[in-house]
Amino acid sequence: MVSKISEAVIRIAGNSQDGIQAIGGFLARLAGRSEQEVMTFMTIPSTISGGPSIFQVRIGSGEVLSAGDEADMLLAFYDHSYTAHLGSLRKGGIVVYDSDHLKPEAIPAENLSKYRHVGVPISSLTIEAIGGTGRDKGKNVYALGLLARMFDLNVPKLHRLLQERFTGKDPKIAETALNAFNAGYNYTLATAPELFQFKPGENVGQAQVVMSGNEALAYGLIAAGVRFGAGYPITPWSDIMELLRRELPKYGGQFQQCEDEIASVSMAIGASWGGRVAVTGSSGPGISLKTEAIGWAVMAEMPLVVVDVQRGGPSTGMPTNIEQSDLNIAVYGGHGDSPRVVIAPSSVEDCFYSAIEAVNIARKYSTPVILLTDQGIATRIEAFKEPDLQKVVQDISPDYSAVTEHKPYDLSAPDGVTRHIAPGTRVASGKYPVVTGLEHDELGHPTGSPKLHVQMTAKRRNKLKKLATELPAPVVYGAPEGQVLLVSWGSAQGPVQEAVKAARAAGKAVSSLHIKYISPLPNDLEKIFEAFTHVFVVELNDEGVNGIGQFGGLLRVRYADKKIRGITKCDGLTWKVREILDRVAALTA
Amino acid sequence: MSEMAFPFAVLPRGANTNATPVAPLTDADRKPLMKKDVSADHPTWCPGCGDFSVLALYFKLIEKRRMFHEKITTVAGIGCSSRFPYFVQAHGAHFIHGRALPFASGVALSRPDLHVFVFGGDGDAFSIGGNHFTHTARKNVKLTYVVMDNNVYGLTKNQTSPTSPLGYKSKTDVWGAKDRPVNPIKQAICAGATFVARSSSTNPNHVLAMMEQAMDHDGFSFVQILSECVEFYPGAFDNANPRKGGAFAEVPKEHDVTDEYASYRLAEDLTPGKFGVIYKVNRPTKNANEAQIIADHQAKTAGLEPWQILKKNFDRMK
Numbered sequence: 001m002v003s004k005i006s007e008a009v010i011r012i013a014g015n016s017q018d019g020i021q022a023i024g025g026f027l028a029r030l031a032g033r034s035e036q037e038v039m040t041f042m043t044i045p046s047t048i049s050g051g052p053s054i055f056q057v058r059i060g061s062g063e064v065l066s067a068g069d070e071a072d073m074l075l076a077f078y079d080h081s082y083t084a085h086l087g088s089l090r091k092g093g094i095v096v097y098d099s100d101h102l103k104p105e106a107i108p109a110e111n112l113s114k115y116r117h118v119g120v121p122i123s124s125l126t127i128e129a130i131g132g133t134g135r136d137k138g139k140n141v142y143a144l145g146l147l148a149r150m151f152d153l154n155v156p157k158l159h160r161l162l163q164e165r166f167t168g169k170d171p172k173i174a175e176t177a178l179n180a181f182n183a184g185y186n187y188t189l190a191t192a193p194e195l196f197q198f199k200p201g202e203n204v205g206q207a208q209v210v211m212s213g214n215e216a217l218a219y220g221l222i223a224a225g226v227r228f229g230a231g232y233p234i235t236p237w238s239d240i241m242e243l244l245r246r247e248l249p250k251y252g253g254q255f256q257q258c259e260d261e262i263a264s265v266s267m268a269i270g271a272s273w274g275g276r277v278a279v280t281g282s283s284g285p286g287i288s289l290k291t292e293a294i295g296w297a298v299m300a301e302m303p304l305v306v307v308d309v310q311r312g313g314p315s316t317g318m319p320t321n322i323e324q325s326d327l328n329i330a331v332y333g334g335h336g337d338s339p340r341v342v343i344a345p346s347s348v349e350d351c352f353y354s355a356i357e358a359v360n361i362a363r364k365y366s367t368p369v370i371l372l373t374d375q376g377i378a379t380r381i382e383a384f385k386e387p388d389l390q391k392v393v394q395d396i397s398p399d400y401s402a403v404t405e406h407k408p409y410d411l412s413a414p415d416g417v418t419r420h421i422a423p424g425t426r427v428a429s430g431k432y433p434v435v436t437g438l439e440h441d442e443l444g445h446p447t448g449s450p451k452l453h454v455q456m457t458a459k460r461r462n463k464l465k466k467l468a469t470e471l472p473a474p475v476v477y478g479a480p481e482g483q484v485l486l487v488s489w490g491s492a493q494g495p496v497q498e499a500v501k502a503a504r505a506a507g508k509a510v511s512s513l514h515i516k517y518i519s520p521l522p523n524d525l526e527k528i529f530e531a532f533t534h535v536f537v538v539e540l541n542d543e544g545v546n547g548i549g550q551f552g553g554l555l556r557v558r559y560a561d562k563k564i565r566g567i568t569k570c571d572g573l574t575w576k577v578r579e580i581l582d583r584v585a586a587l588t589a
Numbered sequence: 001m002s003e004m005a006f007p008f009a010v011l012p013r014g015a016n017t018n019a020t021p022v023a024p025l026t027d028a029d030r031k032p033l034m035k036k037d038v039s040a041d042h043p044t045w046c047p048g049c050g051d052f053s054v055l056a057l058y059f060k061l062i063e064k065r066r067m068f069h070e071k072i073t074t075v076a077g078i079g080c081s082s083r084f085p086y087f088v089q090a091h092g093a094h095f096i097h098g099r100a101l102p103f104a105s106g107v108a109l110s111r112p113d114l115h116v117f118v119f120g121g122d123g124d125a126f127s128i129g130g131n132h133f134t135h136t137a138r139k140n141v142k143l144t145y146v147v148m149d150n151n152v153y154g155l156t157k158n159q160t161s162p163t164s165p166l167g168y169k170s171k172t173d174v175w176g177a178k179d180r181p182v183n184p185i186k187q188a189i190c191a192g193a194t195f196v197a198r199s200s201s202t203n204p205n206h207v208l209a210m211m212e213q214a215m216d217h218d219g220f221s222f223v224q225i226l227s228e229c230v231e232f233y234p235g236a237f238d239n240a241n242p243r244k245g246g247a248f249a250e251v252p253k254e255h256d257v258t259d260e261y262a263s264y265r266l267a268e269d270l271t272p273g274k275f276g277v278i279y280k281v282n283r284p285t286k287n288a289n290e291a292q293i294i295a296d297h298q299a300k301t302a303g304l305e306p307w308q309i310l311k312k313n314f315d316r317m318k
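Quick mapping for you: the protein sequence lines, in order, are chains A and B.
The working numbering numbers the first residue of the first sequence as 1 and each following residue consecutively.
The working numbering numbers the first residue of the second sequence as 1 and each following residue consecutively.
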């Protein structure tokens with residue numbers, strides 16, 4: 001029986017060295033090439049090698065907003081993968097398991113009645129197909145062959161992907177991979193209860209690129225014209241650093257791995273002063289270390305992009321799990337009054353464009369901009385419309401030509417914004433600027449003047465209030481009025497919008513509002529809130545001692561509106577649509 | 001989603017800058033800058049502070065080497081001596097405590113046309129900034145680091161510094177310092193600095209000579225300059241001052257500056273120790289290594305616009 005489906009959620013569970021991410025990556029890339037929407041969800045253990053790992057891919061012919069609450073199919077390599085992940089399978093879903101590891105007779109009867117089971121001796125058949133060398137190697141590609149058969153995937157395209165992936169290595173490796181794939185594909189699925197076929201994708205004719213959020217963000221920075229960066233290794237930020245280190249030299253740029261987090265932010269700030277906005281980044285603990293230097297960039301009004309790929313905190317916390325608990329440090333981190341810009345991308349595609357926006361805002365307002373992504377967006381792979389690179393890639397080469405006179409902190413500047421001249425720039429008046437963390441006069445020289453501190457503090461604040469007036473107003477998803485408004489930021493956008501769809505389908509007056517610009521906030525949000533009875537801020541962090549999440553707290557302070565409440569959790573996992581709906585029901589009961 | 005609220009904009013240069021076109025100046029048209037041309041704020045240092053001498057000799061160096069305003073780049077961290085950039089009429093940055101070196105490295109690596117001078121004190125260099133001192137030396141970033149070492153925290157009013165000698169009585173060691181002090185010279189050589197020199201603010205000609213040689217060195221050049229804090233540690237370096245009955249002993253002529261172990265031995269005792277270039281070797285700079293990496297990569301992308309290079313990557317991600 002072949003069923004026509006418009007989407008499927010496939011969860012692959014095994015150990016981290018099994019190449020599970022590789023299968024997921026192939027499926028995602030294939031979906032991208034088939035003009036389908038794709039969203040993946042990945043967990044990697046923080047241990048160096050070994051340990052359970054999963055990859056979940058949701059492929060759809062239409063819009064895919066989240067990785068999916070429940071899997072339609074589970075591919076389990078071991079007993080433990082079977083036991084741990086069977087619960088993620090929908091009732092009646094199919095579990096394909098490696099019968100070399102999980103003996104059919106060991107499967108409890110109640111499971112057999114609840115889920116459809118297909119046992120395939122994956123390990124031994126892989127060895128049979130490609131020889132006995134790498135015992136666990138090739139299982140992933142064999143399993144990909146099985147999936148290709150079950151979902152009637154495009155075999156020539158998969159062959160090409162495999163060849164591309166293994167090109168450059170020993171040609172025998174590519175051949176072995178193809179053999180493993182073909183063996184899996186040709187396995188007689190006599191026991192398969194159902195075969196599937198995807199309906200054609202909706203994005204016909206649209207060239208799509210497939211990448212992770214970290215990749216999209218790094219490429220966005222390159223497109224924006226960033227040519228210098230500095231960082232220190234930390235999960236899950238490191239991918240961005242590695243990519244920039246590898247790619248920037250092609251553009252005449254460089255990325256420096258520093259001795260520590262503080263050195264890396266300092267080096268990036270130094271390079272920014274050199275004339276061209278630079279980038280640094282980290283995850284939770286590293287951001288804590290960078291806060292003093294970020295405060296300097298606020299004070300000296302130096303453009304800078306700081307990427308924070310959030311993970312579970314505090315301290316070392318849950319390094320490979322998702323959490324949105326760095327909002328407070330991003331917005332308020334550091335001592336003194338130090339307003340800065342915080343932008344939170346919501347998807348892989350948004351990472352690319354937000355990186356460019358961050359650079360442009362940093363330049364235009366001469367300010368540090370924090371790009372707040374999270375482990376979820378960072379590691380998941382999505383397909384999105386290929387950007388028009390010729391149009392998007394920008395040149396921000398600095399101008400070192402001489403000027404007549406210059407005051408970096410000119411209080412009477414018409415737009416109220418500092419613009420620096422880089423060292424190497426001649427000033428005909430002979431009066432040169434100093435950039436500093438001390439409160440300063442208009443030329444940057446230190447002052448203890450109470451009046452100047454008041455004026456300069458206001459200058460740093462007012463430029464961001466001016467930015468707020470330029471921010472696009474967020475648009476309500478669903479009806480512009482009703483009972484419940486769900487507010488999301490960052491990666492919560494997809495699951496929240498799916499929850500809205502489900503709630504509206506059930507006749508409930510639920511809408512959502514996604515806010516990308518966290519600080520400053522766009523103006524007039526209160527007018528949107530007015531049209532709803534409840535405003536629930538859905539975010540992945542704890543309600544804290546004040547009983548509301550971090551963004552919820554910020555909105556409460558700004559709007560002093562008691563109807564703003566939080567829907568929060570901190571289990572290290574992405575939102576399930578069901579969880580959001582249940583919480584809404586409980587809060588409105 | 002692919003709409004950007006903040007597309008690229010050419011930033012106006014006129015907002016807080018008078019960008020009225022400036023007539024070009026050739027170097028030949030320019031006169032060497034004298035003290036009056038390059039001095040800015042009056043130093044905040046106490047009368048008699050050794051740092052005045054270092055500042056005056058930086059001005060001398062600028063004059064002697066015909067450096068012009070726009071190329072003079074002065075960076076510092078936090079401390080009495082780190083106020084330095086405010087006193088120099090040129091591009092300057094006063095960064096946070098202990099982090100002047102990575103900041104300056106960011107400038108030096110991204111702006112090969114500039115030679116950056118970093119000034120600071122012993123606390124900034126060897127205590128809070130210790131990690132950066134080690135790694136900047138190791139990476140051999142091309143810049144000059146002048147540490148005005150007074151063996152005490154002066155700006156915060158007399159606490160023990162990493163170079164305070166054993167027994168030094170400060171507000172944090174009223175009974176006399178018990179922690180073994182840092183030996184900055186041995187530490188610099190061990191970390192991989194390629195130019196290590198010592199001087200004392202009481203010997204102006206020597207200070208100038210050391211700063212000049214440091215500037216000409218292709219790599220990380222470190223100069224320790226003993227600079228007395230007259231307020232909290234008066235007389236600290238009298239033993240290096242012939243006018244105060246001490247001896248300013250220069251590095252012996254026969255010393256081989258490329259001999260690492262001989263240099264360690266020369267730096268064994270720094271009370272007051274020997275003055276001059278103690279260690280100097282040539283090793284590829286970080287700047288040169290990075291430039292080579294860039295050249296190798298750009299050879300492969302020659303003739304392509306940035307968007308075309310990026311397009312190649314995107315084509316592989318389809």
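Treat the hints loosely; a few may be bogus.
Each pair of labels, with its calculated beta carbon distance range [as the list claims (entries may be wrong)]:
1) A/Ser315 / B/Leu304: 40 to 48 Å
2) B/Lys171 / A/Ser449: 26 to 34 Å
3) B/Ala9 / A/Gly168: 36 to 44 Å
Some chain A residues well away from chain B (every beta-carbon gap over 10 Å; in silico) [stated by the list, open to error]:
4) Ile5
5) Ser124
6) Ala129
7) Arg227
8) Pro233
9) Ser238
10) Gln256
11) Ser264
12) Trp296
13) Ser401
14) Val476
15) Lys501
16) Glu543
17) Asp571
By construction, these hints were calculated from the structure, which means they are not laboratory data.
Think of the CB as a built atom: it goes at the ideal place given N, C-alpha and C, for glycine as much as any other residue.
Least C-beta distance between serine 401 of chain A and chain B, which was stated to exceed 10 Å
Given a closest Cβ separation of 8 Å, the condition is violated.
According to the definition I'm using, a residue is off the interface if its beta carbon is farther than 10 Å from all beta carbons of the partner; does valine 476 of chain A meet that for chain B?
16 Å, holds
Proline 233 of chain A: least C-beta distance to chain B exceeds 10 Å?
For proline 233 of chain A, whose nearest Cβ neighbour in chain B is about 14 Å away, the distance exceeds 10 Å, so it holds.
Aspartate 571 of chain A and chain B, when compared Cβ to Cβ, separated by more than 10 Å:
28 Å, holds
Beyond 10 Å on every Cβ pair: is that true for glutamine 256 of chain A relative to chain B?
7 Å, violated
Does lysine 501 of chain A really sit off the interface, with its C-beta more than 10 Å from all C-beta atoms of chain B?
At roughly 17 Å from the nearest Cβ of chain B, lysine 501 of chain A sits farther out than 10 Å, so the non-interface label holds.
Can the suggested window of 40 to 48 Å be confirmed for the beta-carbon pair serine 315 of chain A and leucine 304 of chain B?
This hint holds: roughly 45 Å between Cβ atoms.
Any Cβ of chain B at or closer than 10 Å to arginine 227 of chain A, or is the non-interface label fine?
8 Å, violated
Quick check on a hinted range of 36 to 44 Å for alanine 9 of chain B and glycine 168 of chain A, using CB atoms only.
41 Å, holds
Please check whether the beta-carbon of glutamate 543 of chain A is more than 10 Å away from every beta-carbon in chain B.
30 Å, holds
So serine 264 of chain A supposedly isn't at the interface. Is its beta-carbon more than 10 Å from every beta-carbon in chain B?
Check fails; 7 Å does not lie beyond 10 Å.
Does isoleucine 5 of chain A sit more than 10 Å from chain B, CB to CB?
24 Å, holds
Hints 7, 10, 11, 12 and 13 from the earlier list are contradicted by this structure; the remaining hints agree with it.
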